[in-house]
Amino acid sequence: DQQVKQNSPSLSVQEGRISILNCDYTNSMFDYFLWYKKYPAEGPTFLISISSIKDKNEDGRFTVFLNKSAKHLSLHIVPSQPGDSAVYFCAASARDNYGQNFVFGPGTRLSVLP
Amino acid sequence: NAGVTQTPKFQVLKTGQSMTLQCAQDMNHNSMYWYRQDPGMGLRLIYYSASEGTTDKGEVPNGYNVSRLNKREFSLRLESAAPSQTSVYFCASVRVLDNSPLHFGNGTRLTVT
Numbered sequence: 012d013q014q015v016k017q018n019s020p021s022l023s024v025q026e027g028r029i030s031i032l033n034c035d036y037t038n039s040m041f042d043y044f045l046w047y048k049k050y051p052a053e054g055p056t057f058l059i060s061i062s063s064i065k066d067k068n069e070d071g072r073f074t075v076f077l078n079k080s081a082k083h084l085s086l087h088i089v090p091s092q093p094g095d096s097a098v099y100f101c102a103a104s105a106r107d108n109y110g111q112n113f114v115f116g117p118g119t120r121l122s123v124l125p
Numbered sequence: 003n004a005g006v007t008q009t010p011k012f013q014v015l016k017t018g019q020s021m022t023l024q025c026a027q028d029m030n031h032n033s034m035y036w037y038r039q040d041p042g043m044g045l046r047l048i049y050y051s052a053s054e055g056t057t058d059k060g061e062v063p064n065g066y067n068v069s070r071l072n073k074r075e076f077s078l079r080l081e082s083a084a085p086s087q088t089s090v091y092f093c094a095s096v097r098v099l100d101n102s103p104l105h106f107g108n109g110t111r112l113t114v115t
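Quick note, the sequences are listed as chains A and B, same order. For the first sequence, my numbering gives the first residue as 12, with consecutive numbering after it. For the second sequence, my numbering gives the first residue as 3, with consecutive numbering after it.
Just so you know, the hints here were simulated from the structure itself, not pulled from any lab data. One should not assume that every hint holds.
[What the hints assert, rightly or not] Using C-beta positions, here's what the derived DEER-type ranges look like: (1) A:90 with B:71: 42 to 48 angstroms; (2) A:87 with B:85: 38 to 44 angstroms; (3) B:61 with A:67: 38 to 44 angstroms; (4) A:51 with B:79: 48 to 54 angstroms; (5) B:72 with A:50: 48 to 54 angstroms; (6) B:64 with A:67: 37 to 43 angstroms; (7) A:38 with B:97: 20 to 26 angstroms.
[Claimed, not checked] Just some of the chain A residues that point at chain B, by a computed CB distance under 8 angstroms: (8) 45; (9) 50; (10) 76; (11) 111; (12) 116.
[What the hints assert, rightly or not] Below 25 angstroms or equal to it, Euclidean Cα-Cα: the simulated SDA-like pairs (lysine to any residue) are: (13) B:59 with A:67; (14) A:65 with A:94; (15) B:11 with A:65; (16) B:73 with A:105; (17) A:16 with B:105; (18) B:59 with A:13; (19) A:16 with B:71; (20) B:73 with A:65; (21) B:11 with B:79; (22) A:67 with B:11; (23) A:65 with A:93; (24) A:48 with B:62; (25) B:73 with B:43; (26) B:73 with B:5; (27) A:48 with B:64; (28) A:82 with B:79.
Bear in mind the structure is a predicted one, so any value in this text is a computation, not a measurement. No residue lacks a Cβ here, since even glycine has one placed at the ideal position from N, Cα and C.
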């Protein structure tokens with residue numbers, strides 16, 4: 012069973028509007044959450060993260076919200092730009108006896124239309 | 003600063019052939035990982051190495067072996083390639099002292115015919 016879910020395979024948004032990407036997780040041991048952006052033929056690049064002790068983290072146009080009770084996080088991009096068009100992966104992390112484990116969702120393809 | 007470097011970028015194999023995917027990082031990271039990306043499946047963990055000298059299986063280890071050659075290098079070997087191993091392979095590394103993000107290489111696109 013998928014531990015990290017992104018239920019929207021794709022999302023289209025007009026330039027200048029807000030993009031909201033959602034992610035749900037099932038394992039309550041996850042304590043660190045990340046968003047990655049991926050362009051074709053490149054590796055995923057880190058965008059923003061949040062620790063489980065916080066409920067919001069901002070970095071410029073990007074804000075991540077965490078609702079621990081609902082096991083839900085979201086990424087807000089405001090304003091959206093055509094260069095934001097990419098696949099976005101949500102990831103959740105937990106430490107165990109062997110190190111730090113990162114589990115990824117299936118991704119959401121964002122298209123920002125000019 | 004190169005970050006995480008993967009070679010080769012592309013490879014085509016016939017069923018039954020073997021190959022090794024190379025990965026090196028220059029960030030002095032402790033842990034290294036191999037993921038595969040398939041459409042609709044996201045990134046799935048094949049193997050990881052929490053520290054030099056240790057390796058552990060991830061979600062989809064069958065058909066693969068790994069070697070943590072030293073702190074910098076972590077290789078992934080396919081002993082007898084199968085069409086189901088057609089995928090894009092990503093190596094990643096992280097400094098495991100605090101909450102830090104994974105850093106990824108640019109991937110190896112492998113096709114097995």
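Going down the list of hints, with the structure as the test:
no., hint, verdict
1, A:90 with B:71: 42 to 48 angstroms, "46 angstroms, holds"
2, A:87 with B:85: 38 to 44 angstroms, "40 angstroms, holds"
3, B:61 with A:67: 38 to 44 angstroms, "30 angstroms, violated"
4, A:51 with B:79: 48 to 54 angstroms, "27 angstroms, violated"
5, B:72 with A:50: 48 to 54 angstroms, "31 angstroms, violated"
6, B:64 with A:67: 37 to 43 angstroms, "41 angstroms, holds"
7, A:38 with B:97: 20 to 26 angstroms, "23 angstroms, holds"
8, 45, "5 angstroms, holds"
9, 50, "10 angstroms, violated"
10, 76, "17 angstroms, violated"
11, 111, "5 angstroms, holds"
12, 116, "5 angstroms, holds"
13, B:59 with A:67, "33 angstroms, violated"
14, A:65 with A:94, "28 angstroms, violated"
15, B:11 with A:65, "39 angstroms, violated"
16, B:73 with A:105, "22 angstroms, holds"
17, A:16 with B:105, "21 angstroms, holds"
18, B:59 with A:13, "17 angstroms, holds"
19, A:16 with B:71, "34 angstroms, violated"
20, B:73 with A:65, "33 angstroms, violated"
21, B:11 with B:79, "15 angstroms, holds"
22, A:67 with B:11, "37 angstroms, violated"
23, A:65 with A:93, "30 angstroms, violated"
24, A:48 with B:62, "23 angstroms, holds"
25, B:73 with B:43, "30 angstroms, violated"
26, B:73 with B:5, "14 angstroms, holds"
27, A:48 with B:64, "28 angstroms, violated"
28, A:82 with B:79, "36 angstroms, violated"
The earlier numbered hints that this structure contradicts are 3, 4, 5, 9, 10, 13, 14, 15, 19, 20, 22, 23, 25, 27, 28.
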